[in-house]
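Novice: In order, the protein sequences belong to chains H and A.
Those letters in the first sequence? Residues 33 to 284, by the numbering used here.
Those letters in the second sequence? Residues 7 to 219, by the numbering used here.
One thing to keep in mind: the hints can contain errors.
As the list claims (entries may be wrong) - Below are the BS3-like pairs computed for lysine-lysine, each with C-alpha atoms no more than 25 Å apart in a straight line:
no.	chain 1	residue 1	chain 2	residue 2
1	H	K136	A	K145
2	H	K116	A	K132
3	A	K210	H	K136
4	H	K173	A	K214
5	H	K136	A	K132
6	A	K132	H	K122
7	H	K152	H	K122
8	A	K118	H	K136
9	H	K97	H	K116
10	H	K116	A	K118
11	H	K136	A	K214
12	A	K132	H	K152
13	A	K145	H	K173
14	A	K118	H	K122
To be verified - Using C-beta positions, here's what the derived DEER-type ranges look like:
no.	chain 1	residue 1	chain 2	residue 2	range
15	A	F50	H	K106	21 to 27 Å
16	A	K132	H	R174	25 to 31 Å
17	A	G111	H	T47	29 to 35 Å
Stated by the list, open to error - Stretch-level coverage of chain A by chain H, calculated; a stretch enters the list once three of its residues show a Cβ under 8 Å from a Cβ in chain H:
no.	region
18	115 to 122
19	133 to 143
Bear in mind the hints are in silico, worked out from the structure with no lab data behind them.
We treat Cβ as the ideally placed atom computed from N, Cα and C, and that holds for glycine.
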Amino acid sequence: MEMIRATNICKNFDTLEVLKNIDFSISQGEVVSVIGPSGSGKSTLLRCFHQLESIHEGTIEVEGKVIVAEGSQKNNYTISAEEKRQGVLKMGMVFQDFNLFPHKTVLENIIEAPIIVLHKTREEAVKKAEELLDRVGLLYKRDVYPSQLSGGQKQRIAIARALALDPDIMLFDEPTSSLDPELVGEVLKVIKDLAEEKRTMIIVTHEMAFAQEVSDRVVFMDEGRILEEGPPEKIFKNPDNERMQTFLGKII
Amino acid sequence: MDYIINISKFILQGSKITLSLYVITMIFSIPIGIIGAIGKISRFKVLRHIISFYTWLLRGTPLMLQLFFVYYGLGVWGFKMTSFQAACFTFVLNYGAYFVEIFRGGIQSIDKGQYEAAHCLGLTYKQTMTRIVIPQAVKRVLPPLSNEAITLVKDTALVASITLADVTRNAKQVVSRDFNTSAYLLAAIFYLAFTTVVVWVFNKIENKYGFYN
Ligand SMILES: Nc1ncnc2c1ncn2[C@@H]1O[C@H](COP(=O)(O)OP(=O)(O)OP(=O)(O)O)[C@@H](O)[C@H]1O
Ligand SMILES: [Mg+2]
Chain H
33 MEMIRATNIC KNFDTLEVLK NIDFSISQGE VVSVIGPSGS GKSTLLRCFH QLESIHEGTI
93 EVEGKVIVAE GSQKNNYTIS AEEKRQGVLK MGMVFQDFNL FPHKTVLENI IEAPIIVLHK
153 TREEAVKKAE ELLDRVGLLY KRDVYPSQLS GGQKQRIAIA RALALDPDIM LFDEPTSSLD
213 PELVGEVLKV IKDLAEEKRT MIIVTHEMAF AQEVSDRVVF MDEGRILEEG PPEKIFKNPD
273 NERMQTFLGK II
Chain A
7 MDYIINISKF ILQGSKITLS LYVITMIFSI PIGIIGAIGK ISRFKVLRHI ISFYTWLLRG
67 TPLMLQLFFV YYGLGVWGFK MTSFQAACFT FVLNYGAYFV EIFRGGIQSI DKGQYEAAHC
127 LGLTYKQTMT RIVIPQAVKR VLPPLSNEAI TLVKDTALVA SITLADVTRN AKQVVSRDFN
187 TSAYLLAAIF YLAFTTVVVW VFNKIENKYG FYN
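Bound conformation, chain H alone (with noise of 0.2 Å):
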């Protein structure tokens, strides 16, 4: 099954266009790298199917509903703000700068949306964050604020808040990139964990050989577009895309 689905979508900040014409699916369990030089858009893309920025052509789909639509087809398709929400609901987003909330602690911060958002009960959703918490390695963090916590844990701390959800697709920007070099580590390794789950997986990463070992599929964007995309064998070791060439010589 195709989980998310985006087809022809354009999005400019003013006169810079950012995604041009980008077509692009991920299918169930499929862990798919976003690689590509500072600035070629990797961000706008994932903040795009979040509805964190807006689109001004294309659809989005998610699992077959189309919850965004613009340009050209947005007189297609009426959408409600609740089907949008459904929509977002069903993909977890971990950012690079984490984003934990600061007046409240590590399980407050896991528990926040299953109560409020999804009406679990509090017994629920702590049983729920604590076997995340465990999962994280981090239980013992439980009632500690995210000020206490390292770049590392916090990154942990949020990838178990967006799971809390239990989203069926989750999207990683950069989940190492402000931590420092020792931390990244342990933080890779949850997420490869989640990719030996087989979840359906977005990173953008900059982790090469990471995205190399965890991907099923990686996609290289460059200045808006996807100019390569294949199997990491094929991408890194025998790519035909020139500037893909140039791209991975500056960086390995």
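Add chain A with the ligands to chain H, keeping to what the hints say.
Specialist: Chain A with the ligands in isolation, oriented as in the chain H frame:
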């Protein structure tokens, strides 16, 4: 000594007015500040303009002039109020205007990432504001809020000008009657004690919010 005790009693009678005006102003102007701040950052342009006009007007003219206008001016137009009602009305509006700007600043200082995280977790705008943004904004506005709370202690003395028998006016009466300025000293002690309590209360609240960074 008897003289001091006597005039102290008289001056302290004025504290009823001073204290009740203070409490009423705080209770009503803070919600006005929060609601006004939310309106001022909303997407409703007309509402934003109305609130901007309100804060511009009330912060841009002297509080004493506003008092005169409400008490004497509105009376002429048929809005009769007692001097105490006029004082409360004016102070609530005036302090509300300052609090709108303080809370707006506090709310806007909250990182965009907080809204984005809340959105991705499915929170509605209202839930995001009430559960995520405003609780954090309150912590940030405590220092300016406590400044205003201290200023308000002293601003209450302005109501003496519309014949309200507050601490300052009573002290002044004693001084003109007895040609003895110790009444002023007593009034000063009253205000100092009052501001000390206010500072203490705000320190308590700030400590309460000190649980996170
Ligand atoms: N809110 C915004 N307003 C204006 N321009 C923006 C905005 N957000 C992003 N851009 C621009 O859009 C382009 C794509 O940005 P985006 O963040 O998607 O790139 P990216 O591929 O994620 O880069 P990086 O690897 O540095 O994170 C950049 O040129 C950026 O400057
Ligand atoms: Mg980015």
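Novice: Going through the numbered hints above, which ones does this structure break? Give me the numbers in ascending order.
Specialist: none
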